[in-house]
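Q: In case you want the letters, here they are:
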Amino acid sequence: MATRGPDAVLGVGSKVRGRVSGSGNLQILGTVEGDVSVRGHVTVAEGASVQGTSLEADQLVIEGGVDADVQAEGDIHILANAAVRGRLRGASIRLDEGASISAEFDVAFDLPAELLA
Amino acid sequence: MSATVIAQGIAIEGELTSEDDVEITGTLKGRLSTRSNVTVGSGAVVEAEVAGSNVVVAGHVTGNVTAADRVDIQPGARLIGDIKSARLTIADGASFKGNVDMDA
Numbered sequence: 070m071a072t073r074g075p076d077a078v079l080g081v082g083s084k085v086r087g088r089v090s091g092s093g094n095l096q097i098l099g100t101v102e103g104d105v106s107v108r109g110h111v112t113v114a115e116g117a118s119v120q121g122t123s124l125e126a127d128q129l130v131i132e133g134g135v136d137a138d139v140q141a142e143g144d145i146h147i148l149a150n151a152a153v154r155g156r157l158r159g160a161s162i163r164l165d166e167g168a169s170i171s172a173e174f175d176v177a178f179d180l181p182a183e184l185l186a
Numbered sequence: 000m001s002a003t004v005i006a007q008g009i010a011i012e013g014e015l016t017s018e019d020d021v022e023i024t025g026t027l028k029g030r031l032s033t034r035s036n037v038t039v040g041s042g043a044v045v046e047a048e049v050a051g052s053n054v055v056v057a058g059h060v061t062g063n064v065t066a067a068d069r070v071d072i073q074p075g076a077r078l079i080g081d082i083k084s085a086r087l088t089i090a091d092g093a094s095f096k097g098n099v100d101m102d103a
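Chains as they are written, first to last, in this note's numbering: chain F, 70 to 186; chain P, 0 to 103.
These are computed hints drawn from the structure, not numbers from a lab. Computed from a prediction, not measured in an experiment: that's the story for all the values here. All residues carry an ideal CB built from backbone N, CA and C; glycine is no exception. Among the hints, erroneous ones may be present.
Under the rule of at most 27 Å between Cα atoms (straight-line distance), these lysine-lysine pairs were calculated in the BS3-like manner [unchecked claim]: (1) P/28 - P/83; (2) P/83 - P/96; (3) F/84 - P/83; (4) F/84 - P/28; (5) P/28 - P/96.
With the C-beta cut set under 8 Å, the calculated list includes, among others, these residues of chain F facing chain P [what the hints assert, rightly or not]: (6) 76; (7) 77; (8) 78; (9) 81; (10) 82; (11) 84; (12) 85; (13) 86; (14) 88; (15) 91; (16) 98; (17) 149; (18) 152.
This is chain F alone, in the form it adopts within the complex:
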């Protein structure tokens, strides 16, 4: 999949107003005002922010602020210091304690065995 070449990085202090697209891994350390649609692994680092209509990737790790509808083909991992507003849709969503979430979850999951009895 998208493991070729070095990662793309939007550095600390950088700002994009517009659209980020394509394929490859992307680390967002700065600010994006707009949509992100990337085939690959996207990280929104602590201190970074994405404000737009949509944030789409194969896999997502969120440690920063996201105000957008978030969609991943695979997993979404939201870490403790993240702040997320919007709809979350992914194959699975992992939420660490301490994250601030105001979101609608759209994810299929299996109930634990003890709840199925």
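Go by the hints and put chain P onto chain F.
A: Structure of chain P alone, referenced to chain F:
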């Protein structure tokens, strides 16, 4: 502060501003502005106004380039646009179409 890398396969449409170095081997359409250095690698496609301190072009740029320090157009590069920079090198094997203003 940390560098920004627009890797091959990644495209930005819009405005990119940075305090730090920006390296592009992917695609950028719109505007790019940094106080630091810009490297447009071979294979990169930039259709943008570019402003930086040192600007090194090895790929394709369509748009005006403004550099606080210098512009370096390397072999194999193609630049269509006006250059505003006190210092400029254009290597053998580079192509350039536009005006140069060194009166910075």
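Q: It remains to establish, for every hint, whether it holds in the given structure.
A: Right, here's what the structure says about each hint:
1. P/28 - P/83: OK: residue 28 of chain P and residue 83 of chain P at ~20 Å, within 27 Å.
2. P/83 - P/96: It holds: about 13 Å lies between the C-alpha atoms, which stays within 27 Å.
3. F/84 - P/83: holds (24 Å)
4. F/84 - P/28: Roughly 15 Å separates the two Cα atoms, so the pair holds.
5. P/28 - P/96: holds (19 Å)
6. 76: holds (6 Å)
7. 77: holds (4 Å)
8. 78: At about 4 Å, which falls below the 8 Å cut-off, the nearest Cβ of chain P leaves the hint on residue 78 of chain F intact, so it holds.
9. 81: With Cβ-Cβ at 4 Å, under 8 Å, it holds.
10. 82: holds (4 Å)
11. 84: holds (5 Å)
12. 85: holds (5 Å)
13. 86: The hint holds - residue 86 of chain F has a Cβ within 8 Å of chain P, the shortest such distance being about 4 Å.
14. 88: Holds - the Cβ of residue 88 of chain F comes within 8 Å of chain P, reaching about 5 Å at its closest.
15. 91: Residue 91 of chain F check passes; min Cβ-Cβ to chain P is 4 Å, inside 8 Å.
16. 98: Hint on residue 98 of chain F: holds, closest Cβ of chain P at ~6 Å, below 8 Å.
17. 149: violated (22 Å)
18. 152: Not OK, violated: residue 152 of chain F not within 8 Å of chain P, min 21 Å.
In summary, the structure is inconsistent with hints 17 and 18 from the numbered list given earlier, while agreeing with the others.
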